[in-house]
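Q: Chain residues, written in single-letter form:
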Amino acid sequence: MSDDAADVRRVLSGDVDAYAALVDRYYDQCARYAVRMLGNRDDAEDALQATFLRAYRALAKYQERDKFSAWLYRILVNQCRSLAARRTQRERVFVREEALLLNAPDDAASGWSGEDEEFVQRVLSELDPLLREAFLLKYIEELSYEEMAALTGVGVSALKMRVKRACDRLRERWERIKHD
Amino acid sequence: MTESNQDPYVEWIAAEARRPVQLAADARVRIMDAVRATPLPARPRRGSRWLTAPRTLALSPLASAVLAAGLVGIGVLVGISTTSRDGRQQAEQPTAVAANAQLPVHDSLQVHRFELRDPLASNVSLVGDFNEWSASATPMERTADGKWTVTVHLPPGRHVYAFIVDGAKGSTWMPDPAALRAPDDGYGAPNSVVLVGQGSAT
Amino acid sequence: MNRRNVRCALSALLAVAMAAPSLLAQGPDPLAKLDTASRRMVQSLIDSARAEGLPTQPVISKAQEGVSKHVSGPVIARVVRTVFLSLRQARATLGSGANRDELTAGAAALQAGIPAAALIDLRHAGRGKSITVPLVVLADLVTRGVPRDTASRAILQLWQGGAGDADLLGLPRAVEQDIVSGAAPGDALLNRARTIPIRLPPAKVPE
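Protein chains in written order, with this note's numbering: chain A, 1 to 180; chain B, 181 to 382; chain C, 383 to 589.
Since no wrong hints were added, every one of them can be taken at face value.
Residues on chain C that point at chain B, a partial pick, calculated with CB under 7 Å: (1) 438; (2) 447; (3) 448; (4) 483; (5) 486; (6) 487; (7) 490; (8) 493; (9) 518; (10) 521; (11) 525.
Subject to a maximum C-alpha distance of 25 Å in a straight line, what follows is the list of computed SDA-like cross-link-like pairs (lysine to any residue): (12) 61/A / 288/B; (13) 451/C / 350/B; (14) 511/C / 335/B; (15) 160/A / 195/B; (16) 61/A / 18/A; (17) 67/A / 140/A; (18) 67/A / 28/A; (19) 61/A / 213/B; (20) 164/A / 149/A; (21) 164/A / 189/B; (22) 511/C / 578/C; (23) 451/C / 293/B; (24) 160/A / 188/B; (25) 451/C / 297/B; (26) 164/A / 128/A; (27) 451/C / 352/B; (28) 451/C / 298/B; (29) 451/C / 300/B; (30) 451/C / 303/B; (31) 61/A / 208/B; (32) 451/C / 358/B; (33) 160/A / 142/A; (34) 61/A / 26/A; (35) 61/A / 146/A; (36) 451/C / 315/B; (37) 451/C / 426/C; (38) 451/C / 309/B; (39) 67/A / 141/A; (40) 327/B / 558/C.
Derived from the structure by calculation, the hints contain no laboratory data. Glycine included, every Cβ here is placed at the ideal spot set by N, Cα and C.
Excised from the complex, chain A in its bound form (with noise of 0.2 Å):
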């Protein structure tokens, strides 16, 4: 049995810090998913704890037979979607302003540039949020189309073809960028 499955029963069977294992396990690449989706920590952090929430409410409808990770991925990814929906305007400019205050100096350990952070995220944040999900699915998270299908509901030719023009856009960007 998987460490996840283990650690699932242990929590049906009333052992609630078993959880934590489970969100240690995943917490880090469901995050980076959800703040390069939602373009902010503040929006991340919210949806990674419905995400987690949901989870736990749902845990007695995980099937061992599936990947606790995709089964996971699915309910983020439709947090992320509930989430983005339902941002406004005036919001997105509150946060980023956190953002940029939490993305501030520690980044020297990891070698990160917060500026190239930025741009990137500028950059995905600009594209469709669906060409954006398929994009961050396909060559981030670096599933098949066959899971991304599986995980999003979308079949997988369209799934291709968002892939494709969220190439083509972010290929778009960069040769304005050259030019300007």
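Got chain A sorted already, so can you dock chains B and C onto it with the hints?
A: Chains B and C only, in chain A's frame:
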């Protein structure tokens, strides 16, 4: 698998986006706090196995009488799991709740029926502190005589609830006219209170 | 009704109860719908409740109720704060031995304007059992228009006199009937309260 014939710029975007992100240090702690404040997820139900073994069911005379008379406490429940009051107990005393061993053990849930008479309504749903006040979680069913009912499992204790009624004039939140009232606490519409597991016998 | 029919009826009843309405909302988490500032305030109230050993579910639930009613974020935060403060006051009034239902019922009573002294009196009436029922009935009566002092005094006297849960729980409906027939709420309560026999606890029965 990353595609091989990819534009270098897109490759760069993807590579940068794959770097880890740092969120607030206490975010996971807050998640576990919220998880602990949530009821344990119910175990998977092996419902069919239970329902095909009716021999395990035995009702106390009181519970049988309750069912036979069609009595349901409106607002106050006579728990189907109460013991017989005349001392005649069944040799095994499994009740509706005890036989349902798949429910979380830390809360012995009780069956409760909510009821509203409104022949003109087109839809009624139950909202309360047991279903996150979700308008869609617990729709009620209409009976032939214009009554709306639903039966749910509730942990014993005080619960606050209301009905959402869809009628000719749109959607209205209303308290249960037959139940105890909770004072309005600022949302403008009063709610009802039910004490589950509170015997009503004198 | 013979045994077999009862079994079938019970199976059917429980099949419906188990199969159909889920008590877990199927949609997205309601609190995620709050705007960020309000959500933060609500979250900090939940955290404070937990830190102080107060029940968090009533606090969370009050926020969920507001979201479902499409109340604005700031109003939700204000209402949730009131609930939190009432719970805190109920705990201070009823003592650390108060059970969860006493706390939520006590908080509701306090929010209805019932003086803390009334709660203390109920607690010290010496019956050694939970005062959830008198608290719930007291809040209900006040909501129907019975003056707070009248209601508090009457319920306390009934409680001290050994009135049972059923006696108290039957009061609101009876009082409501009288109000509908034209009686003033306070009078209605006093009239109905008189019909409840005094049942003194065994220790006080003269030998």
